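Protein chains: 2
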Amino acid sequence: MIFVKKIMNSALKEIISKVIRVNPPELEEIGKFFSRQSLSKGEFLLKEGNFCSHLYFIEKGCLRLFYIDSKGREFTRFMAFENTFLSSMTAFISREPSTEYIQAMENSILYSIGYDDFLELRSSFPSGNYFYIYILEYGVTVITARLNNILTKSASERYRQLLFNNPEIIQRLSNNDLATYLNISPETLSRLKSNLSS
Amino acid sequence: MIFVKKIMNSALKEIISKVIRVNPPELEEIGKFFSRQSLSKGEFLLKEGNFCSHLYFIEKGCLRLFYIDSKGREFTRFMAFENTFLSSMTAFISREPSTEYIQAMENSILYSIGYDDFLELRSSFPSGNYFYIYILEYGVTVITARLNNILTKSASERYRQLLFNNPEIIQRLSNNDLATYLNISPETLSRLKSNLSS
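If you read the sequences in order, they're chains A and B. Per the working numbering, the very first residue in the first sequence carries number 2; after that it's consecutive. Per the working numbering, the very first residue in the second sequence carries number 2; after that it's consecutive.
Where hints are given, some of them may not hold.
To be verified - Derived pair list, reagent style PhoX-like, types lysine-lysine, alpha-carbon separation capped at 20 angstroms:
| id | chain 1 | residue 1 | chain 2 | residue 2 |
| --- | --- | --- | --- | --- |
| 1 | A | LYS42 | A | LYS61 |
| 2 | B | LYS154 | B | LYS194 |
| 3 | B | LYS72 | B | LYS48 |
| 4 | A | LYS154 | B | LYS72 |
| 5 | B | LYS194 | A | LYS154 |
| 6 | A | LYS42 | A | LYS19 |
| 7 | B | LYS14 | B | LYS33 |
| 8 | B | LYS14 | B | LYS61 |
| 9 | B | LYS154 | A | LYS72 |
Derived from the structure by calculation, the hints contain no laboratory data. Remember, it's a predicted structure, so these values are computed and weren't measured experimentally.
Please work from the sequences and hints to get the whole structure.
Dropping the structure here:
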């Protein structure tokens, strides 16, 4: 994991400017709270049992949040791509050890902000809490969509939906990773792929 | 659905006092934003396709949030009991039509606040946004726990977990409702119940 200098990228700036009212000097000040870091494919940002002390913004790459059960089976809760925030939110909120893992699926570049710095950011800027509200609203929305998807859609419907909405994800992920994302076996995924291409 | 006078119950007052810094006169003012209403068993608070314009707090009773798929099958996303907030949060946030239903599973008593009133409450009190942050953090936590439960636990593990953590729920719900809550068939539930009692 390599940390470099504290300069926000333009996508992060744009999102913050949309979410809270800040002038350019304030935006520069906010930038100082973030650290830019690179992460190699396969590297972990967080492991089960550790404290989740940071919130991340993805400039480039893909990260997977997943659980491992007592039998060693992996279950993907979420995958996050460019220009989105991510964290193990429940652990970040509760300050209790995480029940999940976060791992880079590709070489990735992230911006991170620590828990205490985030509290300071929220209290230092009049509209700082709106930034946190944006992240929480985004969290509620994507987790609910994932739950809806897992509860109500069949394997075939989940694959077709992804093919329609995010074909890029299908190109970027290995068959195994894509299968865990869809919560199906690699064999079912191969069958779905060949059925749709024939 | 019967609306009665605007007086907050003590549990709601206690939660608000814990979450945001308010003095007693301010707490009385906040109470004026809420309406108390009763709902009969089976009655709907929200249907798919409608706008979700309120946030609710349950004084008494139980409400179920569920989806119905194109084949008419019901999938329970969440069940909420006394002293918790609930809403179709994604629809409440996005101001787009809801994709889910909210129905009373028992005769229930609720406090509700409309979307515009909630915005006014948040802007009228210096710490008003912390109230919304509390609700969103609660939302992220319970939805993530539900997703974790559905992804990683078997039918038998889900039933045992409920029996251990919330035995009251098993008493209160009918077998059919309990089965949808556990995301299993009524037959599987009957088998689990008889296996554990034998």
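Comparing the hints with the structure gives:
Our distance criterion of 20 angstroms between C-alpha atoms is met by LYS42/A and LYS61/A, whose separation comes to about 12 angstroms. Of the pairs offered as hints, the one joining LYS154/B and LYS194/B holds, with about 17 angstroms between alpha carbons and a cut-off of 20 angstroms not exceeded. Proximity of LYS72/B to LYS48/B is assessed by CA-CA distance (about 17 angstroms); at most 20 angstroms being required, the pair is judged to hold. For the suggested pair LYS154/A and LYS72/B, the alpha carbons sit about 11 angstroms apart, so the restraint of at most 20 angstroms is met.
Between LYS194/B and LYS154/A the CA atoms are separated by roughly 28 angstroms; this puts the pair beyond 20 angstroms, and the hint is violated. With a C-alpha separation of about 31 angstroms, the suggested pairing of LYS42/A with LYS19/A is violated against the 20 angstroms cut-off. With a C-alpha separation of about 12 angstroms, the suggested pairing of LYS14/B with LYS33/B holds against the 20 angstroms cut-off. Taking the CA atoms of LYS14/B and LYS61/B, the gap is near 15 angstroms; set against the 20 angstroms cutoff, the hint holds.
Between LYS154/B and LYS72/A the alpha-carbon distance is near 11 angstroms, which keeps this suggested pair within the 20 angstroms criterion.
Violation of the numbered hints given earlier is confined to hints 5 and 6; the remaining hints are satisfied by the structure.
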